[in-house]
Amino acid sequence: MFQTDDSTGTRTVSLQVSCGSIPVTFSNPARTNTTSTGSVVIAGGTGIVSNLYVSGLEVYVSTTACTSTSSGGLIVPIRVGIGGDVNIAGNDKTTSSISITSGPIVLAGGVGIGGNFNLGGGAKITGFVSITINISISEEL
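At position 92 of the sequence shown (counting the first as 1) the number is 89 in our numbering, and the numbers step up by one without a gap.
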């Protein structure tokens, strides 16, 4: 099926491409910011066996276990913005942290917490502490 609407330049095409190992190129430079515009619009699902390279950003998705920031699962090499809840399953490590480089979760940068923080174990602070609120201590020091 091939249709052209000359007044808008819209083309609707239904085709099957089989080129073996020859790459298929779409050279229309149309940019997109929706799911219904751009050089290629796919209305159904898309299965991609290998990597997906998007405008300088490589995103890898696999079912391989993640063992670092560059292997397995979902890898996004730059910042990620998440607008909803995040549930992380699979980290069942219960080893206690004994330093800034050990424990089930290790962050090299800082942590900003806008709400409550509940700590069930001991705390070791090796840097500067600044407290700008009242403190209530329920046991003797």
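If you are wondering where the hints come from, they were derived from the structure by calculation, not from laboratory data. Where hints are given, some of them may not hold.
Beta-carbon label-pair distances, calculated as ranges [what the hints assert, rightly or not]:
hint, residue 1, residue 2, range
1, Ser96, Pro20, 46 to 52 Å
2, Val14, Ile95, 46 to 52 Å
3, Cys16, Gly107, 21 to 27 Å
4, Gly44, Gly109, 34 to 40 Å
5, Leu49, Cys16, 37 to 43 Å
6, Thr32, Ile134, 52 to 58 Å
7, Val14, Gly109, 46 to 52 Å
8, Ile95, Ile39, 49 to 55 Å
9, Ile79, Thr43, 40 to 46 Å
10, Ala40, Leu116, 20 to 26 Å
11, Gly119, Lys90, 45 to 51 Å
12, Gly111, Thr61, 58 to 64 Å
13, Ile132, Val108, 35 to 41 Å
With a Cα cut of at most 20 Å, we get these calculated SDA-like pairs of lysine to any residue [claimed, not checked]:
hint, residue 1, residue 2
14, Lys121, Ile134
15, Lys90, Glu137
16, Lys121, Ser135
17, Lys121, Ile97
18, Lys121, Ile132
19, Lys121, Ile85
20, Lys121, Ala86
21, Lys90, Ile102
22, Lys90, Ser133
23, Lys90, Ile134
24, Lys121, Gly107
25, Lys90, Gly109
26, Lys121, Leu104
27, Lys121, Asn88
28, Lys121, Asp82
29, Lys90, Val103
30, Lys90, Ala62
31, Lys90, Gly119
32, Lys121, Gly80
33, Lys121, Ser133
34, Lys121, Ser94
35, Lys121, Gly100
36, Lys121, Asp89
37, Lys121, Gly87
38, Lys121, Gly109
39, Lys90, Gly70
40, Lys121, Glu137
Since we're looking at a predicted model, the values are computed, not measured. Idealized CB from N, CA, C, for every residue including glycine.
Hint-by-hint comparison with the structure:
no.	hint	verdict
1	Ser96 / Pro20: 46 to 52 Å	50 Å, holds
2	Val14 / Ile95: 46 to 52 Å	57 Å, violated
3	Cys16 / Gly107: 21 to 27 Å	50 Å, violated
4	Gly44 / Gly109: 34 to 40 Å	39 Å, holds
5	Leu49 / Cys16: 37 to 43 Å	19 Å, violated
6	Thr32 / Ile134: 52 to 58 Å	56 Å, holds
7	Val14 / Gly109: 46 to 52 Å	49 Å, holds
8	Ile95 / Ile39: 49 to 55 Å	51 Å, holds
9	Ile79 / Thr43: 40 to 46 Å	23 Å, violated
10	Ala40 / Leu116: 20 to 26 Å	50 Å, violated
11	Gly119 / Lys90: 45 to 51 Å	18 Å, violated
12	Gly111 / Thr61: 58 to 64 Å	34 Å, violated
13	Ile132 / Val108: 35 to 41 Å	20 Å, violated
14	Lys121 / Ile134	17 Å, holds
15	Lys90 / Glu137	33 Å, violated
16	Lys121 / Ser135	19 Å, holds
17	Lys121 / Ile97	9 Å, holds
18	Lys121 / Ile132	18 Å, holds
19	Lys121 / Ile85	26 Å, violated
20	Lys121 / Ala86	27 Å, violated
21	Lys90 / Ile102	9 Å, holds
22	Lys90 / Ser133	32 Å, violated
23	Lys90 / Ile134	31 Å, violated
24	Lys121 / Gly107	15 Å, holds
25	Lys90 / Gly109	23 Å, violated
26	Lys121 / Leu104	15 Å, holds
27	Lys121 / Asn88	23 Å, violated
28	Lys121 / Asp82	29 Å, violated
29	Lys90 / Val103	12 Å, holds
30	Lys90 / Ala62	15 Å, holds
31	Lys90 / Gly119	18 Å, holds
32	Lys121 / Gly80	32 Å, violated
33	Lys121 / Ser133	19 Å, holds
34	Lys121 / Ser94	10 Å, holds
35	Lys121 / Gly100	13 Å, holds
36	Lys121 / Asp89	23 Å, violated
37	Lys121 / Gly87	27 Å, violated
38	Lys121 / Gly109	18 Å, holds
39	Lys90 / Gly70	18 Å, holds
40	Lys121 / Glu137	18 Å, holds
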